[in-house]
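Undergrad: If you want the building blocks of each chain, they are given just below.
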Amino acid sequence: MSARSGRVIGVNGNLVTVEFDETVSQNEVAYVTQGDVRLVAEVLRVRGHYADIQVFESTAGVQAGDRVEFTGELLSVELGPGLLAQVFDGLQNPLNVIAEEHGFFLPRGQQVDALRRDTTWEFTPKATPGDRVRAGDTLGVVTEGMFEHRIMVPFATEGVVTVAEVASDGACTVTDRVAALEGPGGARHEVRMMQTWPVRRPIRCYAERLMPTDQLVTKQRILDTFFPVAKGGTFCIPGPFGAGKTVLQQLTSRHADVDIVIVAACGERAGEVVETLREFPVLTDPRTGRSLMERTVIICNTSSMPVAAREASVYTAVTIAEYYRQMGLQVLLLADSTSRWAQALREMSGRLEEIPGEEAFPAYLESVIAAFYERAGCVRLHDGSTGSVTIGGTVSPAGGDFEEPVTQSTLKVVGAFHGLSQRRADARRYPAIDPLDSWSKYPSLVPEHDLKMARQVLTKGHEVEEMMKVVEEEGTSMADFIVYLKAEYLDAVYLQQDAFDPVDGATSGDRQRHVFAQMAQVLAAPVDFPDKNAARGFFQSLTQTTRDWNTTAMDDEQFEALQRRLSDMLCEVTGDA
Amino acid sequence: MRKVYREISEIAGNVITVLATGVGNGELATVTAPGFGSLAQVIRIMGDHVSLQVFSGTRGIPTDAEVRFLNEQLRTPYADALLGRVFDGGGRPRDGRPALDGDLIPIVTPPVNPAKRIIPRNMIRTGIPMIDIFNSLVESQKLPIFSVAGEPYNPLLARIALNAEVDIIVLGGMGLKFDDYLYFRDTLEGEGALSRSVLYVHTAADSVVECLLVPDTCLAVAEQFALEGKRVLVLLTDMSNFADALKEVAITMEQIPSTRGYPGDLYSQLAARYEKAVDFEGAGSVTVLAVTTMPGDDVTHPIPDNTGYITEGQFYLRNGRIEPFGSLSRLKQQVNARTRDDHRTIMNTMIQLYAAYKESLEKQSMGFRMSAWDHKLLKYGALFERRLMDLSVNIPLEEALDLGWQILADCFEPQETGIQTSLCERFMPSSSDEELAAACALDAPAVSPAG
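Protein chains in written order, with my numbering: chain A, 1 to 577; chain B, 1 to 451.
In isolation and in its complexed conformation, chain A is listed as follows (with noise of 0.2 Å):
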C-alpha cells in the first residue's frame, strides 16, 4: 500500500496549494516534508487536483515541489491515563518533553507522543469475559493521581460487542494490550489503554444528556449569587483589555468546586499561561488537599505559537474535557481566549479568498462557535453515573464593543453572560463584572426572593446616581439617597472582592449563603438618619466593618464579633426610625 502523496505548488502565509494525484479527504492530515522536517497541516479545500490545506507552523523555506504526504487521519488526539498534569500545545505535543530536547525555544516540526510510552500503570479490571459491552462501558481502572482512571470501550466500537478477553492486574503502559473485543461478525479487536479520537467529533457514548441544574461554586460571590454557573452549563466572559477576564478565569479555575480543569490558552499572553503552570503544583487543592495541577490539564496555545494550531486548541481541549466526563466525573474547561481562535478562522478564511461577512469574519463562524459550546453537557452515563463538560469562554471584543460578531454570536449561545465593564474597572471595582448588564439562566445558592431584592436595590441605586447627576445631591429624596447608599455599600462588600486576600479571595458556598442573608438584613432595614452627611458616614463605617468581616475567617473568633457589631450598628439606626 502506498501512501498517497502530492507537491506543493503555491504558499501564502501558512495555506500551502498541493497538487495531488490519487485522492484526498476533506480535513485529512497531512505532512509537507522538506528533509526530515515534517511539517502537519490539515486539508481545508480540494478544487480539482490541488488541495489546499493549513500547516500548522511556519511556512518559511517552503518551496513549490516539496513533498506532501496525506494520512488519511483526521485530526485526532491521544487519551488515555497521563493527561493530567500535562501541558500540551494545540496539537497536543507536551511542551515538557520538548523543554527538555530542545531547550528554550519551539522548533519546527517536531511532533512528540503526547502519553508518556513508559510510564507504567497499574491496571485493574472491571470487566470479564463474555460481558456485552458499548463503546464507553469500563473494561478496567487505573488510578492517576486521586481519580480512577477508567479505561473505556474504544469511543470508536460500533453496537454492542462482546468481551473476549481482559488483561488481570499488573502493571501495563499505555499501548500494552488491555483488551480484546468480538465484534457480531466475530471480528476480534484489541484495546490498549490509549485510544486516539478526531478532536473535530464530539464523543457521545453516553445514555442521555440531562438538564443542567448542580450550580458549579466559584467561590466568586458576584458569579455565584448574582450569576451563576451550572455544572455542565457554559457561559462567556467579554470584556474589553483590562477588564480582567484572564484573572476571573485564573481565580475560577482555581476555586472552583468540580473534579477537573481543562485550561485552553488560546491565542493569548504565554506570561499567564506561565502563572497557571508555575503556580499550580505548589497551590493545595482545598477540597482534596493535594496540588492543583493534579486536577489540570493546561492546553496552550499562546498568540505567538503557529495560527492554525491556535484554531485546533480548543477541539483538542474539548476532546480532553469530553473523555474525563465519560468517566463520571465533572470537568470544567475554560478557553480564553474565543476571540483568538475566531481570528484564527478569520485568517484562514482570508487567505482560502472567501467572501467575508461581518468585519471580515467568515460567514459559518456561528454555527462554529454554537456547535463548540454545545459539547458542554451534563450527561447521564450507561452505568448511570453523571458527568459534566462546563464550558467557560473569554471574548475579547475589538474596541470592548459588545455588538461585534464573536459576541453576539457567543450570546446567542450561552446561559450565562458576565459581561466585563471599563467603567468599573477604571474604578477598580474588581471583579469587574456589570451587575445590571450581566444574566444567567441558572439558579442562584441565595433565596430568590433575597436575590431579587438586591437586584431591585441595586438597579434602583443606579437610576438614584444617573438623577444625582442631574438634580445633584440635594434635589435627592432622603429615601432616594438610601437606596443609592445601600446600592454602593452592596456593591462595595459584596460584589466586590478582593482576588489578593487570603479569605475574601474566595468565598465558600456556605459563606455566601449566611453573608448574603446579612446582606439582605441590610437592604432591607428601615434606616433614617437626620441628613445626608449623616447617611453617608454611617453607611462609609458599615462599610469598613464589613470589609474588616470580609477578610475574617469563617472559624476566627473576631468573625461572629464582627457581625454582631454589624448587626448592632444597623439597630442604632433602624431605632431611629
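Please keep in mind that the hints were generated in silico from the structure rather than gathered at the bench.
Values in this document were obtained by computation on a predicted structure and should not be read as measured data.
Beta carbons are placed, not taken as given, at the ideal position from N, Cα and C, and that holds for glycine.
Hints may contain errors.
[Stated by the list, open to error] In silico BS3-like links for lysine-lysine, alpha-carbon gap of 27 Å or less:
1. A/532 with A/441
2. B/358 with A/469
3. A/469 with A/441
4. A/412 with A/469
5. A/452 with A/412
6. A/441 with A/412
7. A/532 with B/3
8. A/441 with A/452
9. B/358 with A/460
[Claimed, not checked] Have a look at the derived ranges for each label pair, beta carbon to beta carbon:
10. B/119 with A/368: 28 to 38 Å
11. A/474 with B/386: 26 to 36 Å
12. B/119 with A/73: 53 to 63 Å
13. A/26 with B/152: 51 to 61 Å
14. B/337 with A/210: 58 to 68 Å
15. B/430 with A/524: 31 to 41 Å
16. A/146 with B/282: 53 to 63 Å
17. A/368 with B/103: 29 to 39 Å
18. A/477 with B/352: 44 to 54 Å
19. A/287 with B/125: 39 to 49 Å
20. B/282 with A/117: 42 to 52 Å
21. B/119 with A/286: 51 to 61 Å
22. A/509 with B/352: 25 to 35 Å
For chain A, the structure is supplied; the task is to place chain B on it using the hints.
TA: Structure of chain B alone, referenced to chain A:
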C-alpha cells in the same frame, strides 16, 4: 545554489512578481539593475510566480532587473561590538562607522516554549510615582505607551530607559522623525548610556518595507543578549507606523482587509513581536516598552485595540501625564506585595478616591452645590494631580507611598478612606503637613462646613 532570473512579470506597490522555480517561502533575494540595488524577500509562491517585497521600494525597477535568490532567510549580524552603534532599518550602519563583522543570526526566531518561561519577579523602578506605585513596571513585561501625536512619549521613553536598571538597551525607531532620532542618540550619549545601547533607526524618509524589519531585528538581537544572561530593555517607537506598513503591504497583496483596512492577522503579527518579551529560566530577560500613537485619540482603533489585548497592560499618556484610569500593569501583582505592606492598599484607595474626585469635578463643572464630601474630594484630587501625577516628579517608591498617606491624611478622616483599620494605624500620619495644606489652599476650593 544560486538562482538568477531576469523576468519580472508584475510590479505593484513594493511587491514584484518573478517567474522562478525552486524558491522557498521567506527566502531572500537581491534585485539589481543599473542605478538600483535592494534586498527583497519572498512572501508568496503560486506555481512559478514568486512574489517578493522589495526592501527599498520598487521605484525605478525595470522588468528586466536581475533577481538573484540567495537561498537564505533574513539575518542580522550579532556581536558584543553592536553596543554603542546605530543602524538603519536594513541593518546598515547609520553612524558612519564600518559595517559589523559578526555571526549572522536569523531575525525571525521560533517562539519560546512557555514551559521554559518563569514568572516575572523583579520590579523595574522608574522614579515615576504613577508607574512605581500604581502600575509597577516588571522585568520581562511588554507594555505599550498609548498616546496621541504631540505628547512627550519619546522623552518619557528615554527617561525610563535612563532610570531603569538593565544591562542593555535596544532602541528600535520606526518612521521616526530625524529630530527624534537625534534626541534619543544625544540623550543616551549625554547620560553615558549609549555604550550599553544599540539603535536601529528607520526614519520617516526611508522605505516602508525596512520599517517592517526594525522590530524583528531589535528583538532578535535582544533575545540573543538575553540568552547570554543579560537583562535587556527594548524600546520601540512607534508601533503604529509598523502596523501601517503591514497594512500597506497587505493591501498591495490584495488580501481581504478586516477592520479599517488592516489585515486580519494584525493581532498575530503584533503578538509575534510583543511575545518576545521573556524571562528565561536560567538566563536573562527581555522587557519591551513600545509607543503606540492612537489615531484621533481613539483606543478602539485596531492598532491600540489589538495591542491592548496582547500586552501586559498599557500606560496612557495624556496631557503630559500618565492617566490613572485605563493605565494598567498586569504584572504589578507579582512585585507589589513584596515592596511594602501598604503598597497595594495605597494603590487601590487612591485611585478609587480619585475616581470619586472626577465625579465631584463633573458635578462642580455643571454648577451643582458641593457637599462637604465633595469639597474633601476636590482638595484631594488637586493635591494628587500636583504632588504625584506630574511627570516631573522623580522620587523613589517608598517616598511616594509616604506622600500618598500624607495626602490622604490631609484630606480625609481614616474611616472615610475605607482602608483597613490596622493599616491606617500603622501608616497614616496623624497631623497634616502645614506647608502642604497651605499649598493646596491655593488651587483647591476652600473647604466649607457641612453643606
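Undergrad: Decide, hint by hint, whether the structure agrees.
TA: Here's how the hints hold up against the structure:
With a C-alpha separation of about 38 Å, the suggested pair residue 532 of chain A and residue 441 of chain A falls outside the 27 Å cut-off, and the hint is violated. The suggested pairing of residue 358 of chain B with residue 469 of chain A holds, with an alpha-carbon distance near 12 Å, which does not exceed 27 Å. For the given pair, residue 469 of chain A sits about 33 Å from residue 441 of chain A by alpha-carbon distance, which is inconsistent with the 27 Å threshold. Taking the CA atoms of residue 412 of chain A and residue 469 of chain A, the gap is near 35 Å; set against the 27 Å cutoff, the hint is violated.
Pair hint residue 452 of chain A plus residue 412 of chain A holds up; C-alpha atoms about 24 Å apart against a cutoff of 27 Å. Distance hint between residue 441 of chain A and residue 412 of chain A is fulfilled; the C-alpha atoms sit about 12 Å from each other, no more than 27 Å. Only pairs whose Cα atoms come within 27 Å are accepted, and residue 532 of chain A paired with residue 3 of chain B is rejected, the gap being roughly 85 Å. Restraint check for residue 441 of chain A and residue 452 of chain A: satisfied, since their Cα atoms lie roughly 14 Å apart, inside the 27 Å limit.
Note on residue 358 of chain B and residue 460 of chain A: the hinted pairing holds, with a Cα-Cα distance of about 22 Å set against a maximum of 27 Å. As the Cβ distance of residue 119 of chain B to residue 368 of chain A is approximately 34 Å, the hint placing it in 28 to 38 Å holds. Here the CB-CB span from residue 474 of chain A to residue 386 of chain B is close to 30 Å, well matched to the stated 26 to 36 Å. Restraint check, residue 119 of chain B to residue 73 of chain A: a C-beta distance of roughly 38 Å breaks the suggested window 53 to 63 Å.
Range check, residue 26 of chain A to residue 152 of chain B: Cβ separation about 56 Å, and the 51 to 61 Å hint holds. Roughly 43 Å separates the CB atoms of residue 337 of chain B and residue 210 of chain A, a value that falls outside the hinted 58 to 68 Å. Range check, residue 430 of chain B to residue 524 of chain A: about 39 Å between beta-carbon atoms, so the 31 to 41 Å window is met. For the pair residue 146 of chain A and residue 282 of chain B, the beta carbons lie near 32 Å from each other, so the given range of 53 to 63 Å is not met.
Separated by about 46 Å at the C-beta atoms, residue 368 of chain A and residue 103 of chain B break the suggested range of 29 to 39 Å. For the hinted restraint 44 to 54 Å between residue 477 of chain A and residue 352 of chain B, the CB-CB distance of approximately 27 Å leaves it violated. The beta-carbon spacing between residue 287 of chain A and residue 125 of chain B, approximately 40 Å, falls within the hinted interval of 39 to 49 Å. At about 28 Å, the beta-carbon gap between residue 282 of chain B and residue 117 of chain A misses the expected band of 42 to 52 Å.
In this structure, residue 119 of chain B and residue 286 of chain A break the distance hint of 51 to 61 Å, their C-beta atoms being roughly 22 Å apart. At roughly 29 Å, the beta-carbon separation of residue 509 of chain A and residue 352 of chain B lies within the given 25 to 35 Å, and the hint holds.
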